[in-house]
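Go ahead and model the full structure; you've got the sequences and the hints to work with.
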Amino acid sequence: KQEVTQIPAALSVPEGENLVLNCSFTDSAIYNLQWFRQDPGKGLTSLLLIQSSQREQTSGRLNASLDKSSGRSTLYIAASQPGDSATYLCAVRPTGTASKLTFGTGTRLQVTL
Amino acid sequence: GAVVSQHPSRVICKSGTSVKIECRSLDFQATTMFWYRQFPKQSLMLMATSNEGSKATYEQGVEKDKFLINHASLTLSTLTVTSAHPEDSSFYICSARSGFNQPQHFGDGTRLSIL
Numbered sequence: 003k004q005e006v007t008q009i010p011a012a013l014s015v016p017e018g019e020n021l022v023l024n025c026s027f028t029d030s031a032i033y034n035l036q037w038f039r040q041d042p043g044k045g046l047t048s049l050l051l052i053q054s055s056q057r058e059q060t061s062g063r064l065n066a067s068l069d070k071s072s073g074r075s076t077l078y079i080a081a082s083q084p085g086d087s088a089t090y091l092c093a094v095r096p097t098g099t100a101s102k103l104t105f106g107t108g109t110r111l112q113v114t115l
Numbered sequence: 252g253a254v255v256s257q258h259p260s261r262v263i264c265k266s267g268t269s270v271k272i273e274c275r276s277l278d279f280q281a282t283t284m285f286w287y288r289q290f291p292k293q294s295l296m297l298m299a300t301s302n303e304g305s306k307a308t309y310e311q312g313v314e315k316d317k318f319l320i321n322h323a324s325l326t327l328s329t330l331t332v333t334s335a336h337p338e339d340s341s342f343y344i345c346s347a348r349s350g351f352n353q354p355q356h357f358g359d360g361t362r363l364s365i366l
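If you're matching them up, the sequences are chains A and B in order.
So for the first sequence, this note's numbering puts the first residue at 3; every next one is plus one.
So for the second sequence, this note's numbering puts the first residue at 252; every next one is plus one.
Cross-link-like lysine to any residue pairs, in silico, SDA-like; alpha carbons within 20 Å at most: (1) A:K102 to B:T300; (2) A:K70 to A:N24; (3) A:K44 to B:S340; (4) A:K44 to B:M296; (5) B:K315 to B:E273; (6) A:K70 to A:S101; (7) A:K102 to B:F318; (8) A:K44 to B:D339; (9) A:K102 to B:E310; (10) B:K271 to B:S305; (11) B:K317 to B:I263; (12) A:K44 to B:R275; (13) A:K102 to B:N352; (14) A:K102 to A:T47; (15) A:K102 to B:T282; (16) B:K271 to B:T329; (17) B:K306 to B:N321; (18) A:K70 to B:N352; (19) B:K292 to A:T107; (20) A:K3 to A:S30; (21) B:K317 to B:S266; (22) A:K44 to A:A12; (23) A:K102 to B:F351; (24) A:K44 to A:P84; (25) B:K271 to B:L325; (26) B:K292 to A:T7; (27) B:K292 to A:I9; (28) B:K292 to A:G43; (29) B:K306 to B:K317.
A few chain A residues facing chain B, derived, Cβ under 10 Å: (30) F38; (31) G43; (32) G45; (33) L91; (34) K102.
Here are the in silico distance ranges between beta carbons for each label pair: (35) A:N24 to B:F351: 28 to 36 Å; (36) A:G98 to B:L366: 41 to 49 Å; (37) A:R63 to B:F290: 24 to 32 Å; (38) A:S55 to B:C264: 45 to 53 Å; (39) B:A323 to A:R63: 38 to 46 Å.
Hints listed in this document are in silico derivations from the structure and should not be mistaken for laboratory results.
All residues carry an ideal CB built from backbone N, CA and C; glycine is no exception.
Set out below in structure tokens:
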């Protein structure tokens, strides 16, 4: 059974800092991995999707990497802003016909002024 | 981009009431829709997967008679919480995708509070 863990569970940084969020998964047989953002009381916004054959994806100040063999992914946020404050979730999709996403426990990020 | 609309955003009702939540894909045809439940400060837990025109597949531990799912068209799925009780209070989120190899797009969720 796939298990997805995110560290740290919560993080507070001052504005302008670069930061890294970590995601680890136990089964490396994945189809893709996705990073989401969730604001309080809201649904999920997809940030980056990395296919299993890719090593990284970039979008603006965000960069996500994937090391499938070690079961790890990182989300790098450059020059953090207060608007980045949210919960960040990673989710893995397995290979095969069972295409259900397994979500991590999330990292609650607060960027202070 | 692909938009998923979920309605209502918030429901407060008395114990014993049945509540229906709608999930619509606005600009694409959703062959598959997913329903999740999220408790405070916890991650999303998949409840069921539904394919258009087929019966939903429920995850282990999810009562199919309690949580009725209908996916009658390629743009609409509904989740009905029957005879809701306080322990059913949670945040329910739907997602949809247009094909097996396509990413899931999520709605904004429904906050259900049962008094």
